[in-house]
Structures are given as structure tokens and as C-alpha cells.
Amino acid sequence: MSAGIEADIAGGHERRLVVIVDDDPAVCHSLRFALEIEGYEVRLYNDADAFLAEHPRPGDGCLVIDYHLPGMNGLDLVAHARAIQPDVCAILITTEPTSRVRAQAVAAGVPIVEKPLFGNTLAEAIRRSFPAMPPPLGA
Numbered sequence: 001m002s003a004g005i006e007a008d009i010a011g012g013h014e015r016r017l018v019v020i021v022d023d024d025p026a027v028c029h030s031l032r033f034a035l036e037i038e039g040y041e042v043r044l045y046n047d048a049d050a051f052l053a054e055h056p057r058p059g060d061g062c063l064v065i066d067y068h069l070p071g072m073n074g075l076d077l078v079a080h081a082r083a084i085q086p087d088v089c090a091i092l093i094t095t096e097p098t099s100r101v102r103a104q105a106v107a108a109g110v111p112i113v114e115k116p117l118f119g120n121t122l123a124e125a126i127r128r129s130f131p132a133m134p135p136p137l138g139a
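Residue numbers (full-length UniProt numbering): 1 to 139.
Note that these hints are calculated values from the structure, not bench results.
Small disclaimer: the values here were computed from a predicted structure and weren't measured.
The calculated lysine to any residue pairs, modelled on SDA-like cross-linking and capped at a C-alpha distance of 20 Å, are:
#	residue 1	residue 2
1	Lys115	Arg128
2	Lys115	Gln104
3	Lys115	Asp47
Label pairs and their calculated CB-CB ranges:
#	residue 1	residue 2	range
4	His29	Gly71	20 to 28 Å
5	Gly39	Ser99	34 to 42 Å
6	Ala26	Asp87	28 to 36 Å
7	Arg128	Ile37	13 to 21 Å
8	Pro116	Ala53	23 to 31 Å
9	Ala103	Glu36	32 to 40 Å
10	Ala107	Gln85	15 to 23 Å
11	Glu54	Ser99	29 to 37 Å
12	Gly39	Arg102	26 to 34 Å
13	Gly119	Ala26	14 to 22 Å
14	Ile37	His80	27 to 35 Å
15	Pro111	Gly39	17 to 25 Å
16	Ala34	His68	14 to 22 Å
Beta carbons are placed, not taken as given, at the ideal position from N, Cα and C, and that holds for glycine.
Construct the entire structure; sequences and hints are all you get.
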């Protein structure tokens, strides 16, 4: 089984991993709740250093990263992750991104989903990031 994907013991299906890095615990927990309902396995980190210490190689999951993090911004964290694994998928979440942040995200091939996150906007962006895989469990 590839890294970052776990077998769902009950059904023998694979669950896709979403890694959320955001320094706001309320955002982390609300996203976890919403994405687990969609069938994803979700892991939470409150800062870039904690993520990098535990996940030197992001695996086959999708990174959902806040732009404003302690220590480094979200696009810098994506660059660190891609230095290790160039094909890792990432989505940047932020409130009112500047034109500079938008341009940097476009150049890095990282879609932006703006906060506040309404409806299934983030889930749709994550689904698009996994085009070759079947929908997650429960979707």
C-alpha cells in the first residue's frame, strides 16, 4: 500500500489522507470534522515545524496549508515539502490573499481557497487534487 493511504479495516477500502497545517485550532478541528464526513483520513498540525518533524516525506496525501503560519508562510512550507517530494499536492487556505500571494501560488501551482471556508469549496478542491483516484469512502 502506498504511503499516506490507510486501509479501512471494516470495508477493505483505501482512505485518502489530507494533512491540515493551520495555527488556529478551531479551524483545524472544524476542517477535520467536515473532511472526515467526506471520507478522508485527516491529520492536524498547528505549525510547519511540527509537520516537517513528523512528516519528512508527505506521501500520497494532500496538504491543506494556511498561508499565515508561525515560523514560515504556507508557500514556503509547500516548497520544503516539494523539495522532498516534487509531486505532492497542496492547497493554500488564507483570508484575503494579496495579489503577490496569488501570483506566488499560481507560479507554484498551488490553488488558493479563501477563508472563511463555505460549503464544500475545500472538499471540491481536494477532490480535484486527486484526479486519478476514486472518490473517498462516504463521498
